[in-house]
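K.L.:
Using the sequences plus the hints, can you model the full thing?
Protein chains: 2
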Amino acid sequence: MREGFAFVERARDGDARRGTFTTPSAVVETPTFMPVGTLGTVKGLTPAEVESTGARLILANTYHLWLRPGPERVGALGGVKRFMGWPHALLTDSGGFQVFSLSSDNRIDDDGVTFKSHLDGSKMRLTPEESMRVQGLLGADVAMLFDQCPPADAARPVIEQAMRRTTAWAHRSLAAPGPATQARFGIFQGGTHVDLRLAHLEEIAALSVDGVAIGGLSVGEPIPEMYRVLADVAPRMPTDRPRYLMGVGTPADLITAIGHGVDLFDCVLPTRNARTGQALTWTGRVNVRQARHKDDERPLDAACDCACCTTFSRAYLHHLVRAKEMLGPRLITQHNLHFYGALTRAAREAIEAGRYAAWAAATLAAMRDGDEIGAPDAGPRTRRLSRG
Amino acid sequence: MREGFAFVERARDGDARRGTFTTPSAVVETPTFMPVGTLGTVKGLTPAEVESTGARLILANTYHLWLRPGPERVGALGGVKRFMGWPHALLTDSGGFQVFSLSSDNRIDDDGVTFKSHLDGSKMRLTPEESMRVQGLLGADVAMLFDQCPPADAARPVIEQAMRRTTAWAHRSLAAPGPATQARFGIFQGGTHVDLRLAHLEEIAALSVDGVAIGGLSVGEPIPEMYRVLADVAPRMPTDRPRYLMGVGTPADLITAIGHGVDLFDCVLPTRNARTGQALTWTGRVNVRQARHKDDERPLDAACDCACCTTFSRAYLHHLVRAKEMLGPRLITQHNLHFYGALTRAAREAIEAGRYAAWAAATLAAMRDGDEIGAPDAGPRTRRLSRG
Numbered sequence: 001m002r003e004g005f006a007f008v009e010r011a012r013d014g015d016a017r018r019g020t021f022t023t024p025s026a027v028v029e030t031p032t033f034m035p036v037g038t039l040g041t042v043k044g045l046t047p048a049e050v051e052s053t054g055a056r057l058i059l060a061n062t063y064h065l066w067l068r069p070g071p072e073r074v075g076a077l078g079g080v081k082r083f084m085g086w087p088h089a090l091l092t093d094s095g096g097f098q099v100f101s102l103s104s105d106n107r108i109d110d111d112g113v114t115f116k117s118h119l120d121g122s123k124m125r126l127t128p129e130e131s132m133r134v135q136g137l138l139g140a141d142v143a144m145l146f147d148q149c150p151p152a153d154a155a156r157p158v159i160e161q162a163m164r165r166t167t168a169w170a171h172r173s174l175a176a177p178g179p180a181t182q183a184r185f186g187i188f189q190g191g192t193h194v195d196l197r198l199a200h201l202e203e204i205a206a207l208s209v210d211g212v213a214i215g216g217l218s219v220g221e222p223i224p225e226m227y228r229v230l231a232d233v234a235p236r237m238p239t240d241r242p243r244y245l246m247g248v249g250t251p252a253d254l255i256t257a258i259g260h261g262v263d264l265f266d267c268v269l270p271t272r273n274a275r276t277g278q279a280l281t282w283t284g285r286v287n288v289r290q291a292r293h294k295d296d297e298r299p300l301d302a303a304c305d306c307a308c309c310t311t312f313s314r315a316y317l318h319h320l321v322r323a324k325e326m327l328g329p330r331l332i333t334q335h336n337l338h339f340y341g342a343l344t345r346a347a348r349e350a351i352e353a354g355r356y357a358a359w360a361a362a363t364l365a366a367m368r369d370g371d372e373i374g375a376p377d378a379g380p381r382t383r384r385l386s387r388g
Numbered sequence: 001m002r003e004g005f006a007f008v009e010r011a012r013d014g015d016a017r018r019g020t021f022t023t024p025s026a027v028v029e030t031p032t033f034m035p036v037g038t039l040g041t042v043k044g045l046t047p048a049e050v051e052s053t054g055a056r057l058i059l060a061n062t063y064h065l066w067l068r069p070g071p072e073r074v075g076a077l078g079g080v081k082r083f084m085g086w087p088h089a090l091l092t093d094s095g096g097f098q099v100f101s102l103s104s105d106n107r108i109d110d111d112g113v114t115f116k117s118h119l120d121g122s123k124m125r126l127t128p129e130e131s132m133r134v135q136g137l138l139g140a141d142v143a144m145l146f147d148q149c150p151p152a153d154a155a156r157p158v159i160e161q162a163m164r165r166t167t168a169w170a171h172r173s174l175a176a177p178g179p180a181t182q183a184r185f186g187i188f189q190g191g192t193h194v195d196l197r198l199a200h201l202e203e204i205a206a207l208s209v210d211g212v213a214i215g216g217l218s219v220g221e222p223i224p225e226m227y228r229v230l231a232d233v234a235p236r237m238p239t240d241r242p243r244y245l246m247g248v249g250t251p252a253d254l255i256t257a258i259g260h261g262v263d264l265f266d267c268v269l270p271t272r273n274a275r276t277g278q279a280l281t282w283t284g285r286v287n288v289r290q291a292r293h294k295d296d297e298r299p300l301d302a303a304c305d306c307a308c309c310t311t312f313s314r315a316y317l318h319h320l321v322r323a324k325e326m327l328g329p330r331l332i333t334q335h336n337l338h339f340y341g342a343l344t345r346a347a348r349e350a351i352e353a354g355r356y357a358a359w360a361a362a363t364l365a366a367m368r369d370g371d372e373i374g375a376p377d378a379g380p381r382t383r384r385l386s387r388g
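Just so you know, the sequences run in chain order A and B.
For the first sequence, the working numbering gives the first residue as 1, with consecutive numbering after it.
For the second sequence, the working numbering gives the first residue as 1, with consecutive numbering after it.
I should point out that these hints are in silico values taken from the structure, not numbers from a laboratory.
C-beta atoms are modelled at their ideal positions from N, C-alpha and C, and glycine is treated no differently.
Heads up, some of the hints might be wrong.
[Claimed, not checked] Straight-line Cα separation of at most 30 angstroms, BS3-like style, residue types lysine-lysine; simulated pairs:
1. A/Lys123 <-> B/Lys123
2. B/Lys123 <-> A/Lys116
3. A/Lys324 <-> B/Lys324
4. A/Lys294 <-> B/Lys116
5. A/Lys123 <-> B/Lys294
6. A/Lys116 <-> B/Lys324
7. B/Lys294 <-> A/Lys116
8. A/Lys294 <-> B/Lys294
9. B/Lys294 <-> B/Lys324
10. A/Lys123 <-> B/Lys116
11. A/Lys324 <-> A/Lys294
[Claimed, not checked] Just the calculated beta-carbon pair ranges, DEER-fashion:
12. B/Glu51 <-> A/Arg289: 27 to 37 angstroms
13. B/Gly354 <-> A/Thr311: 54 to 64 angstroms
14. B/Gly70 <-> A/Ala48: 28 to 38 angstroms
15. B/Arg73 <-> A/Gly121: 40 to 50 angstroms
16. A/Glu352 <-> B/Thr310: 52 to 62 angstroms
17. A/Arg289 <-> B/Pro157: 23 to 33 angstroms
18. A/Ala307 <-> B/Pro177: 30 to 40 angstroms
19. A/Asp305 <-> B/Val158: 34 to 44 angstroms
20. B/Ala357 <-> A/Gly121: 53 to 63 angstroms
21. A/Ala48 <-> B/Val158: 16 to 26 angstroms
22. B/Gly374 <-> A/Arg68: 26 to 36 angstroms
[Unchecked claim] Listing some non-contacts, in silico: residues in chain B with all C-beta distances to chain A over 12 angstroms:
23. Leu45
24. Gly78
25. Leu119
26. Lys123
27. Arg164
28. His193
29. Val212
30. Tyr227
31. Pro235
32. Asp296
33. Cys308
34. Tyr316
35. Glu325
36. Pro329
37. Thr333
38. Trp359
P.N.:
Following this line, the structure appears as structure tokens:
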């Protein structure tokens, strides 16, 4: 692993593991969840508030920052972390996922992708070399190698082609220059085909990468399919480096994937859903918009000690959300990220105590039984956009 | 003055005065500015953040809270202060101004006003008795008596009719029941006619009111006209009770009106303008949207010690505002209110030191000379809506 970086597995309980990922700017206790700060801001929150949720590693989106305000500008201002005032660790994605999902008119070839900006329609081109150049300027602790992420309904030969391209692009990404203080994580593909997943994992893990990420899940496939792949694949990922499941997920997804040995997660769900009034709690989901909360003096989550839950009532949050007051999304975002921080902290403690399976079962049951909304939304729209 | 309330004039310098307004829930040092929390939230900020700007008295709008979430609901939840978690003092306006400016189809008669809600078009009626009933349920420290505010271009007979109605409504408002712990301030009208102003002031001040407010200024008249009226009228307002200039204003307006003896102000300007990227500083206005800030690592205001100015650069704020990120309006709102808090604190110190005129002249000159935008916007739209 690059100088200044280290990963230590501290405890194991079944396939679940408890580790410490050290970067030059943070000590990250794993499993952990990375809040998404797409444009160099976790929407609505200050860095100090993000820090107060327990997060020490956050994610920013290369594609979005590339388009605006531009990597040269961010680089001249000291990189994303200094630009946004985040004192801990940062990871940038490669930009590939957004190029495929947000841009129009994208045409992929063996060299890279040509696409039109979703902001102004201007023509742009992303290659492994350009992705690494941009990520170098953004200056995160961790850069992701450029990959091709096929859609959930892609046929097996399309997935195999994406795997070949991803491997070739990984070699080119690694050959591209970058800051000495920046770690690089490789991504493997393979859809929901376990044989393809294992073959591609072996290829990517064999490279000189500082971490290995599962790409191409949570892109619209049924959740049980994702869980099945994770059960068969995650335990076979390298033990000496962080294992990252990209774009995932719900609290239940995290609990399940941690059980299979995943260390790192990111997802817009807790922040995006907060902005439509959906809170995530130890007793399931709460839709603050619903009329039942109009006169409810209770906090969102009686078991939560965040600034939102210790100060404000459901009635007030309901009023803020209905009146489209900014403070509503802000407070629910803070709660949701605080909850994700508490959830992963509890998972770490359960692994250390050797009682992960029991903790996971009890926690999932309490969420399911208390859920005020119903079955988790597994619709493709929510999941497809889960990487911001 | 009602039990639990007191006003003490502590120092005087020319017509400017430095006082202390005590309510059952706060000690308010005057002159002071009341941040506007229209719907029971100062847009984007927590109560703790509003408190950190120095504010101890804030304003909420009766009209808006009457429509949503409704006074009975707010009353059952303990009143606006408990509902929103504000631990200091609160003032509610009478609702009249918004009925005239925001509702459609309003028809005024000697008994009250019939109008259609700007939210759903439903027909409603506001009378002095209804305003006091609603304000009683909202439970602020200070309620305003229901008045008729004529437009800036009203002819003298129309203004005289509004004065007669306002006096009659003041008597009815005072006769209406209300919480024993709620003070009541009267409002006088008279447009820009000094003779009418002085006559109506005398009528209203003679009532058993705990404070006297200047209504019907900053409604679209030229700023020099407003300043002329203030110079002639404010010094003749009662000395034993707070003097409140409603819906005002810019930093220059505050400095000028404080010089004429005004104690209390409210205006949406620092909060509303923040949401479009306009910051107010000791060296004039800064439009954060402008391209010149793209690469500027300086804070908004080098002389400011608020959380925004001590942490973030103009370049980052510019990026947030351009990318429509919530954090931008939030941080600039916090700065602007912090600046208004610092401005009124400095004014109080200058009065105590007997150097108000010199301080005011120097402060106005620094703002004018450093202003990055140009002459203050005196257009009717900004000023008319200055009461939220």
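K.L.:
So, for every hint listed, does it hold in this structure?
P.N.:
Hint-by-hint comparison with the structure:
no.: 1; hint: A/Lys123 <-> B/Lys123; result: violated (53 angstroms)
no.: 2; hint: B/Lys123 <-> A/Lys116; result: violated (50 angstroms)
no.: 3; hint: A/Lys324 <-> B/Lys324; result: holds (15 angstroms)
no.: 4; hint: A/Lys294 <-> B/Lys116; result: holds (24 angstroms)
no.: 5; hint: A/Lys123 <-> B/Lys294; result: holds (23 angstroms)
no.: 6; hint: A/Lys116 <-> B/Lys324; result: holds (21 angstroms)
no.: 7; hint: B/Lys294 <-> A/Lys116; result: holds (24 angstroms)
no.: 8; hint: A/Lys294 <-> B/Lys294; result: violated (43 angstroms)
no.: 9; hint: B/Lys294 <-> B/Lys324; result: holds (15 angstroms)
no.: 10; hint: A/Lys123 <-> B/Lys116; result: violated (50 angstroms)
no.: 11; hint: A/Lys324 <-> A/Lys294; result: holds (15 angstroms)
no.: 12; hint: B/Glu51 <-> A/Arg289: 27 to 37 angstroms; result: holds (28 angstroms)
no.: 13; hint: B/Gly354 <-> A/Thr311: 54 to 64 angstroms; result: violated (42 angstroms)
no.: 14; hint: B/Gly70 <-> A/Ala48: 28 to 38 angstroms; result: holds (36 angstroms)
no.: 15; hint: B/Arg73 <-> A/Gly121: 40 to 50 angstroms; result: holds (47 angstroms)
no.: 16; hint: A/Glu352 <-> B/Thr310: 52 to 62 angstroms; result: violated (38 angstroms)
no.: 17; hint: A/Arg289 <-> B/Pro157: 23 to 33 angstroms; result: violated (50 angstroms)
no.: 18; hint: A/Ala307 <-> B/Pro177: 30 to 40 angstroms; result: holds (38 angstroms)
no.: 19; hint: A/Asp305 <-> B/Val158: 34 to 44 angstroms; result: violated (58 angstroms)
no.: 20; hint: B/Ala357 <-> A/Gly121: 53 to 63 angstroms; result: holds (58 angstroms)
no.: 21; hint: A/Ala48 <-> B/Val158: 16 to 26 angstroms; result: violated (53 angstroms)
no.: 22; hint: B/Gly374 <-> A/Arg68: 26 to 36 angstroms; result: holds (27 angstroms)
no.: 23; hint: Leu45; result: violated (7 angstroms)
no.: 24; hint: Gly78; result: violated (8 angstroms)
no.: 25; hint: Leu119; result: violated (10 angstroms)
no.: 26; hint: Lys123; result: holds (21 angstroms)
no.: 27; hint: Arg164; result: holds (36 angstroms)
no.: 28; hint: His193; result: holds (39 angstroms)
no.: 29; hint: Val212; result: holds (32 angstroms)
no.: 30; hint: Tyr227; result: holds (34 angstroms)
no.: 31; hint: Pro235; result: holds (39 angstroms)
no.: 32; hint: Asp296; result: violated (9 angstroms)
no.: 33; hint: Cys308; result: violated (9 angstroms)
no.: 34; hint: Tyr316; result: violated (6 angstroms)
no.: 35; hint: Glu325; result: violated (5 angstroms)
no.: 36; hint: Pro329; result: violated (7 angstroms)
no.: 37; hint: Thr333; result: violated (9 angstroms)
no.: 38; hint: Trp359; result: holds (33 angstroms)
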